[in-house]
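The whole structure should be built from the sequences, with the hints applied where relevant.
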Amino acid sequence: MTGEFSPLSGFIPSYRFEQLSEIADSARYHLNKHNRTDSQIITVQKLIFELIEFYFEDKKNEAIAELESDKIQELRYAHEYEHIDLYPFYAEANREGEYLVFIGDESDLGDTPTHENTDEIDALYDILEWLPDNESDEGFTDAHPCEYFAALTLSLIADVIRMTEEFNNDADRKAYSFFYICDVFLKIGKSSKYMNEAYLEKKYEDKLSEALSENLELKNKLDEVMGQNKKVEIQQKKNIDKAVNSRHKKNREARQMVCEDWALNRSNHRSAMKAAEYYVSWLEKKNYFFATITVRNWILLYAKENNIKF
Numbered sequence: 004m005t006g007e008f009s010p011l012s013g014f015i016p017s018y019r020f021e022q023l024s025e026i027a028d029s030a031r032y033h034l035n036k037h038n039r040t041d042s043q044i045i046t047v048q049k050l051i052f053e054l055i056e057f058y059f060e061d062k063k064n065e066a067i068a069e070l071e072s073d074k075i076q077e078l079r080y081a082h083e084y085e086h087i088d089l090y091p092f093y094a095e096a097n098r099e100g101e102y103l104v105f106i107g108d109e110s111d112l113g114d115t116p117t118h119e120n121t122d123e124i125d126a127l128y129d130i131l132e133w134l135p136d137n138e139s140d141e142g143f144t145d146a147h148p149c150e151y152f153a154a155l156t157l158s159l160i161a162d163v164i165r166m167t168e169e170f171n172n173d174a175d176r177k178a179y180s181f182f183y184i185c186d187v188f189l190k191i192g193k194s195s196k197y198m199n200e201a202y203l204e205k206k207y208e209d210k211l212s213e214a215l216s217e218n219l220e221l222k223n224k225l226d227e228v229m230g231q232n233k234k235v236e237i238q239q240k241k242n243i244d245k246a247v248n249s250r251h252k253k254n255r256e257a258r259q260m261v262c263e264d265w266a267l268n269r270s271n272h273r274s275a276m277k278a279a280e281y282y283v284s285w286l287e288k289k290n291y292f293f294a295t296i297t298v299r300n301w302i303l304l305y306a307k308e309n310n311i312k313f
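Under our numbering, the first residue of the sequence shown is numbered 4, with each subsequent residue one higher.
What the hints contain is simulated information worked out from the structure, not anything from laboratory work. Hints should not be assumed to be uniformly reliable.
[Stated by the list, open to error] Only pairs whose alpha carbons sit at most 30 angstroms apart, straight line, appear in this in silico BS3-like list of lysine-lysine:
#: 1; residue 1: Lys190; residue 2: Lys307
#: 2; residue 1: Lys224; residue 2: Lys206
#: 3; residue 1: Lys196; residue 2: Lys49
#: 4; residue 1: Lys205; residue 2: Lys222
#: 5; residue 1: Lys224; residue 2: Lys210
#: 6; residue 1: Lys307; residue 2: Lys289
#: 7; residue 1: Lys36; residue 2: Lys240
#: 8; residue 1: Lys312; residue 2: Lys62
#: 9; residue 1: Lys206; residue 2: Lys190
#: 10; residue 1: Lys241; residue 2: Lys210
Note that this is a predicted model, so its numbers are computed, not measured.
Structure (structure tokens):
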């Protein structure tokens, strides 16, 4: 990403990037349609890349935990004199006993998603369900997936423009620039494809919703003819709006309570995951129910924003 490129109005030289200009116009259309601002888009772009890092780290830890479990089982059932190759682990010991330390690399983790085998577009697709729980007034609220892919697309376009300018000013890097920019171009095309597919999906969902709404209206008219009270429908809409507002409010309240308490008592928790497990139970006692990964992401983002290290 680059902070110098305005997502909504940044200049794209059409004589060099005609196709990029068209893709950018499409992405900007989706974002302008929902009145998104440059500031909101940049905030969301940063959030996307932060969550992608968390996603890769989570998948890595899951794979290591699975390998460790398999290795422990192998050791448990091995013959007394049988030699067991611990790789990709190394045995260490402390006062509590022996434990395994991972010393391998990404090639030992099989098909686990990493920066090497998974691009930003596929990673974003995998974490789309995380984004509603991380919505904020500074970024997007009630956003559709096509908006997130639009934001990512504009971030990749900014990379191409920035890197092209850098390479043009550095003759020694021009050969490398061709391969780098081609790679990013492919990502832009893929991200744009995901964006358009998400948009079409939303469009057809809206049409279906409109058809269902029309059917509901006909039913309501029939109910009215049969003497049913129209106030029932109005009250239902109020209840839905109240429930939606309550969900966003509870998300913000729970996040604030967790982060404030963790900031005061972070020494009691060895890691963000341990803290998240504690705060999930802590929140349940206060009638707030959230997944462990959601709470952990709150803590990690709060720590990053406030330069707090574990």
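We went through each hint and held it up to the structure:
A threshold of 30 angstroms between alpha carbons decides the hint, and for Lys190 with Lys307 the separation of about 27 angstroms falls inside it, so the pair holds. Taking the CA atoms of Lys224 and Lys206, the gap is about 27 angstroms. The hint holds against a cut of 30 angstroms. Distance hint between Lys196 and Lys49 is fulfilled; the C-alpha atoms sit about 21 angstroms from each other, no more than 30 angstroms. Taking the CA atoms of Lys205 and Lys222, the gap is near 25 angstroms; set against the 30 angstroms cutoff, the hint holds.
Of the pairs offered as hints, the one joining Lys224 and Lys210 holds, with about 21 angstroms between alpha carbons and a cut-off of 30 angstroms not exceeded. This hinted pair checks out: Lys307 and Lys289 have alpha carbons roughly 26 angstroms apart, not beyond 30 angstroms. For the given pair, Lys36 sits about 24 angstroms from Lys240 by alpha-carbon distance, which is consistent with the 30 angstroms threshold. In summary, the hint linking Lys312 to Lys62 is supported, as the alpha carbons are separated by about 21 angstroms, within the 30 angstroms threshold.
A C-alpha spacing of about 24 angstroms is found between Lys206 and Lys190, which places the hinted pair at or below 30 angstroms, so the restraint holds. Pair hint Lys241 plus Lys210 holds up; C-alpha atoms about 23 angstroms apart against a cutoff of 30 angstroms.
Checked against the numbered hints above, the structure violates none of them.
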